[in-house]
Every structure is written in C-alpha cells, then in structure tokens.
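Starting from the known structure of chain A, fit chain B onto it as the hints suggest.
There are 2 protein chains.
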Amino acid sequence: MEWVDIDGDNCPVRRTLDLVGEKWSLLIVRDAVNGVRRFEDFRRHVGMSEAVLADRLRKLVAGGVLETRPYREPGARTRLEYRVTAKGWDLWPALLALKQFGDKHFADPAGPLLEIRHTECGAPARVVVECSADHAHLTNRDVTVRPGPAARPLAAEAD
Amino acid sequence: MEWVDIDGDNCPVRRTLDLVGEKWSLLIVRDAVNGVRRFEDFRRHVGMSEAVLADRLRKLVAGGVLETRPYREPGARTRLEYRVTAKGWDLWPALLALKQFGDKHFADPAGPLLEIRHTECGAPARVVVECSADHAHLTNRDVTVRPGPAARPLAAEAD
Numbered sequence: 596m597e598w599v600d601i602d603g604d605n606c607p608v609r610r611t612l613d614l615v616g617e618k619w620s621l622l623i624v625r626d627a628v629n630g631v632r633r634f635e636d637f638r639r640h641v642g643m644s645e646a647v648l649a650d651r652l653r654k655l656v657a658g659g660v661l662e663t664r665p666y667r668e669p670g671a672r673t674r675l676e677y678r679v680t681a682k683g684w685d686l687w688p689a690l691l692a693l694k695q696f697g698d699k700h701f702a703d704p705a706g707p708l709l710e711i712r713h714t715e716c717g718a719p720a721r722v723v724v725e726c727s728a729d730h731a732h733l734t735n736r737d738v739t740v741r742p743g744p745a746a747r748p749l750a751a752e753a754d
Numbered sequence: 596m597e598w599v600d601i602d603g604d605n606c607p608v609r610r611t612l613d614l615v616g617e618k619w620s621l622l623i624v625r626d627a628v629n630g631v632r633r634f635e636d637f638r639r640h641v642g643m644s645e646a647v648l649a650d651r652l653r654k655l656v657a658g659g660v661l662e663t664r665p666y667r668e669p670g671a672r673t674r675l676e677y678r679v680t681a682k683g684w685d686l687w688p689a690l691l692a693l694k695q696f697g698d699k700h701f702a703d704p705a706g707p708l709l710e711i712r713h714t715e716c717g718a719p720a721r722v723v724v725e726c727s728a729d730h731a732h733l734t735n736r737d738v739t740v741r742p743g744p745a746a747r748p749l750a751a752e753a754d
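Sequence order for the protein chains is A and B.
Quick note: the first sequence uses the numbering used here, first residue 596, plus one each step.
Quick note: the second sequence uses the numbering used here, first residue 596, plus one each step.
Just so you know, not all the hints are guaranteed correct.
The list that follows gives simulated cross-link-like pairs (lysine-lysine, DSS-like), each with its CA atoms no further than 30 Å apart [to be verified]:
id	chain 1	residue 1	chain 2	residue 2
1	B	Lys654	A	Lys618
2	A	Lys682	A	Lys699
3	B	Lys682	B	Lys699
4	B	Lys618	B	Lys682
5	A	Lys699	B	Lys699
6	B	Lys699	A	Lys618
7	A	Lys699	B	Lys682
8	B	Lys618	A	Lys699
9	B	Lys682	A	Lys618
10	A	Lys618	A	Lys699
11	B	Lys682	B	Lys654
12	B	Lys618	A	Lys654
13	B	Lys699	A	Lys682
14	B	Lys618	A	Lys682
15	A	Lys654	B	Lys654
16	A	Lys618	A	Lys682
17	A	Lys682	A	Lys654
18	A	Lys654	A	Lys618
19	B	Lys618	B	Lys654
20	B	Lys654	A	Lys699
21	B	Lys618	B	Lys699
22	B	Lys699	A	Lys654
23	A	Lys618	B	Lys618
Short, incomplete list of chain B residues facing chain A, as computed with Cβ under 7 Å [said to hold, decoys possible]:
id	residue
24	Met596
25	Arg667
26	Pro669
27	Asp685
28	Ala720
29	Val740
These aren't lab readings, by the way, just hints derived from the structure by calculation.
Using N, Cα and C, we set each Cβ at its ideal position, and we do this for glycine too.
Here chain A stands alone, though its shape is the one from the complex (with noise of 0.2 Å):
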C-alpha cells in the first residue's frame, strides 16, 4: 500500500497538526516553553488580538499542552496562569526542530535570537533523527518507511 493510498483521518501527524497546527498556537507554545505565563504578556510578546489568544489558549488548554493555574497580584482579581503541562513538554523537540530549521534558512544576519545549550558543558542542544539501537544519525535516505498496522485504504471518492 502506497502512502497516497492510506486513509490519512488517524494520521498522527494531521491529529497533532489540529491541535497546534496554526501559526499562533506554536507561537504560544514557544512562548510558554520560554516561560511566559500570562495573559498580557502573550499578547504583548506574541503579538495578536485578545480574542485570538483568548480562544486559542482555551484550545490549549483542552488539548492538554497547557494548564491554569489562579495567581492574585495584591489589589487585584484572581486570573489565571497558563502552565506548560507534560504533554505540552512533549512538543518541545518539534518546536526546537522548527528553530533549526528557521536559524538556517532565515537567520538574522546578527546571528540566533537564542542559544540553547547544554548546561552542563555548554555546548549546543540540536535536533537530530537518530536509530533508537545504534544511535546513528538517520537522514531521510537512511530510513525505510512501511504502513504500520493503523494503516487503513483510503476510500475512492463518490463521483
């Protein structure tokens, strides 16, 4: 089965893609790895509407990437923190993945905006696909790809 003939309603990726795919979802996300948690500093930082950020922090939140928490400043109301949760974590590797690809095809001639490294000997954290046995570096020439067991023909379509 060629992959263009697999049902592509389970795909993993489109599943994931409904929950963050979307400009300003990822963009929270990446804020909120970065430690932002509040309301108004997403909307400063990111840069987008209330309502926009309103609804998509809600989608966030029901899919499980973010959590609230109640924080109270003195004088003022409770309101809610946005938290990155576990899974919400889980997303890192792809946010960072979407980094290297962004610090080598649209770099700022300055060089990065962040640098991220490993804290213990301080050199660079990158992403890579790798064998899960040997830990060999795979690019896309290295891997062989096959229908798993969720894969299911895609239906012909009504004429």
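Same frame as chain A, but now just chain B:
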C-alpha cells in the same frame, strides 16, 4: 533580557511558521516527503479544495520547500509535479517530531500509521534533542537558554 522582553519579529520559529505554520501546508509537505508529487494526488489524499491546495503549493514553491518539474502523460498536456527540495528536506526532523508527538498522544489503538525504520538494522528511527558535543540526550531541564546576538528588546506599546 527575559524572553518576554525580546522582540519576536526576527524569531526563526516565527519566520518558519510564516512559511509552513498552517495545517494544510504541513500536510502537503508530509505527503511530499512520502512521495506524493501530483496535484490530484495531493488533493485527494490530503482532502482539501483545489483552491486551497493551489494556493499552498504556490507558497511552498515560492518559499523553496518544493520545486516543480514538468511531466506529460500520453495524450495529455504537460503538467507540473512537485518535488521536495533540499531546503524542504530540512523540515523532515520537524515533521518526524510532530509524528512522534502524535504517535504518543493520538495513537490509533491499532498502532502506528507509518513505521520509519533504520534501513540498515530495522530499528525504529526517532527524533531526539542531543548535545552537539557529547551526544547526550537532552530534555528541557538539561539546557540553558540565553538571548543570542540577534536578540533586540521588544518596543513598548504606544498608548
């Protein structure tokens, strides 16, 4: 300088998402890296309108992720097919990272939809964040994030 005070205009993640940060675009790239090349196959397999597909293909070609090549079937006029460029293949780790997230959090009960294995040994390929010096696998707790040379302060909002 905290992340929330850094101007995100030249952020490589934002610039990458300006190019591919949209569900349909990433699903087209997903299909293209899996060997889909023709307009009608993308339309049928991704399941989108011709207008949206044509728009996203144009954008991906303009951004250098895909390139066109003419082909001609017997008795038909010359058409264009779409191939992944070297720049497009640089998105492969990001796509695999999204797949990995989906395989973990949105798995079909039957198992994975696609299995990607190291051809040489048959073990599954995976995406990891590693130290570029000692190759240790890194989580977000193992890294230090610092503003790089391109970091500029975010301008205060006008009242």
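Check your understanding: Going straight from one Cα to the other, do Lys699(B) and Lys654(A) come out at no more than 30 Å?
Key -> holds (19 Å)
Check your understanding: Holds or violated: are the alpha carbons of Lys618(B) and Lys682(B) at most 30 Å from each other?
Key -> Holds: Lys618(B) and Lys682(B) sit about 19 Å apart, inside 30 Å.
Exercise for review: Measure nothing beyond the straight line between the CA atoms of Lys618(B) and Lys654(B); if it is 30 Å or shorter, mark the hint as holding.
Suggested key: holds (13 Å)
Review point. Was the hint right that Val740(B) lines chain A, CB cutoff 7 Å?
Key: holds (5 Å)
Point to revise | When the least beta-carbon distance from Arg667(B) to chain A is tested against 7 Å, hint result | key: Violated, because the Cβ-Cβ distance from Arg667(B) to chain A comes to roughly 20 Å (cut-off 7 Å).
**Study point:** Pair hint Lys618(A) and Lys699(A), alpha-carbon separation not exceeding 30 Å
**Key:** Given pair Lys618(A), Lys699(A) holds - Cα atoms ~19 Å apart, limit 30 Å.
Point to revise | Hinted pair Lys682(B) and Lys654(B), Cα distance within 30 Å | key: This hinted pair holds, its Cα atoms lying about 14 Å apart.
Point to revise | Hint check: 7 Å Cβ-Cβ cutoff, Met596(B) to chain A | key: violated (11 Å)
Point to revise | Given hint Lys618(A) paired with Lys654(B) - CA-CA distance at most 30 Å | key: It holds: about 15 Å lies between the C-alpha atoms, which stays within 30 Å.
Review point. Does Lys654(A) pair with Lys618(A) here, judged by a C-alpha cut-off of 30 Å?
Key: holds (13 Å)
Check your understanding: Given the proposed pairing of Lys618(B) with Lys682(A), does the C-alpha separation stay at or below 30 Å?
Key -> holds (20 Å)
Review point. Straight-line Cα separation of Lys699(A) and Lys699(B) no greater than 30 Å?
Key: holds (28 Å)
In terms of the numbered hints stated before, the structure departs from hints 24, 25 and 26, listed from lowest to highest.
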